[in-house]
Amino acid sequence: MDLARRIAARGSEFLFFALTPPRTTVSSERAQQIADVTRRRLAGLQLDGLVLYDIDDESDRNPQERPFPFLPTMDPATFRARHLKDWSTPVVVYRAVGKYEEDDLRSWLEAQGADDVLTVFVGASSRHKKSSTSLVRAQELWAGTRPDLQLGGVAIPERHTRSGVEHLRLIAKQEVGCSFFVTQVVYDVNAAKNLVSDYRYECAARGLPPVPIVFTFSVCGSLKTLAFLEWLGVDVPRWIQNDLRHADDTLQESYEHSLRAARELIRYCRHMGIPFGINVESVSIRLEEIEASVNLAEALEQDLRR
Numbered sequence: 001m002d003l004a005r006r007i008a009a010r011g012s013e014f015l016f017f018a019l020t021p022p023r024t025t026v027s028s029e030r031a032q033q034i035a036d037v038t039r040r041r042l043a044g045l046q047l048d049g050l051v052l053y054d055i056d057d058e059s060d061r062n063p064q065e066r067p068f069p070f071l072p073t074m075d076p077a078t079f080r081a082r083h084l085k086d087w088s089t090p091v092v093v094y095r096a097v098g099k100y101e102e103d104d105l106r107s108w109l110e111a112q113g114a115d116d117v118l119t120v121f122v123g124a125s126s127r128h129k130k131s132s133t134s135l136v137r138a139q140e141l142w143a144g145t146r147p148d149l150q151l152g153g154v155a156i157p158e159r160h161t162r163s164g165v166e167h168l169r170l171i172a173k174q175e176v177g178c179s180f181f182v183t184q185v186v187y188d189v190n191a192a193k194n195l196v197s198d199y200r201y202e203c204a205a206r207g208l209p210p211v212p213i214v215f216t217f218s219v220c221g222s223l224k225t226l227a228f229l230e231w232l233g234v235d236v237p238r239w240i241q242n243d244l245r246h247a248d249d250t251l252q253e254s255y256e257h258s259l260r261a262a263r264e265l266i267r268y269c270r271h272m273g274i275p276f277g278i279n280v281e282s283v284s285i286r287l288e289e290i291e292a293s294v295n296l297a298e299a300l301e302q303d304l305r306r
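Mapped onto this note's numbering, the consecutive letters of the sequence shown carry residue numbers 1 to 306.
Just so you know, these hints were derived from the structure itself, not from any lab. Hints may be right or wrong, so weigh each one.
Lysine to aspartate or glutamate pairs mimicking EDC-like chemistry, simulated, CA-CA at most 16 Å apart [said to hold, decoys possible]: (1) K130 x D56; (2) K130 x E175; (3) K85 x D115; (4) K193 x E301; (5) K224 x E288; (6) K130 x D148; (7) K85 x D36; (8) K99 x D56; (9) K85 x D56; (10) K224 x E264; (11) K224 x D249; (12) K85 x E29; (13) K193 x D243; (14) K224 x D243.
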């Protein structure tokens, strides 16, 4: 069964790998080279899907100086259409909906094949940011245009720690059409488990079948990458920060932590009967961190295929 149908059927144990498209300043030839290298790098993985992020400037959300400067990247839909035409698995294309006019978003939805493309809608990074299309309006466009296209939403375990109502936000998104969720990078496993538990029991109380939650993991090869994760809003527990700062090999320490954390969540989701998936990404463009992320995906693939 293909990915879209498995998600619609509330299947489980998916493996995704996530990419950020090249910068807008690269040439078409260079973008194709990046796509070709990516294809070769991931060829050994039995992925259920590829994730393409839609990067937006989030400086309005966090006034602190960004550890890495914001550099606009290609539209993920354009990168897929021009440079990943022959990609062998379905692609989950993120849409930072505030960047797009309604007509553009509608046209894109209408042009997609439901077997080849899934999408995740992301709202504005803060309520103060000017948006061409709101998340609510984007969901309405999807419902009126392509409800057969599997729609995903963002889940943020850290937000659940702060507010205690992230599971209710997931259910609200589910009720307007979301058939799966993808988390931001998970470093705090307890926060993720709390979200899973509250979501599972709230669904049971409402007689609502839970949909898959795809948990994202990433390695962190330097203290600057760690600072960037924190700038993005990822809660890295103090003990993990200490381990990374004092490790002889920060990248290896991070890899081992991510592997343990992912395995813990896999066991917990299986125990709770929650459909789930694993998404591995690299938040860095450093080659050694990208390669470590691929290695992480390979190791987790073995856990999921058992």
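Hints versus structure:
no.: 1; hint: K130 x D56; verdict: holds (12 Å)
no.: 2; hint: K130 x E175; verdict: violated (26 Å)
no.: 3; hint: K85 x D115; verdict: holds (14 Å)
no.: 4; hint: K193 x E301; verdict: violated (21 Å)
no.: 5; hint: K224 x E288; verdict: holds (15 Å)
no.: 6; hint: K130 x D148; verdict: violated (29 Å)
no.: 7; hint: K85 x D36; verdict: holds (11 Å)
no.: 8; hint: K99 x D56; verdict: holds (8 Å)
no.: 9; hint: K85 x D56; verdict: violated (24 Å)
no.: 10; hint: K224 x E264; verdict: violated (27 Å)
no.: 11; hint: K224 x D249; verdict: holds (14 Å)
no.: 12; hint: K85 x E29; verdict: holds (15 Å)
no.: 13; hint: K193 x D243; verdict: violated (22 Å)
no.: 14; hint: K224 x D243; verdict: holds (15 Å)
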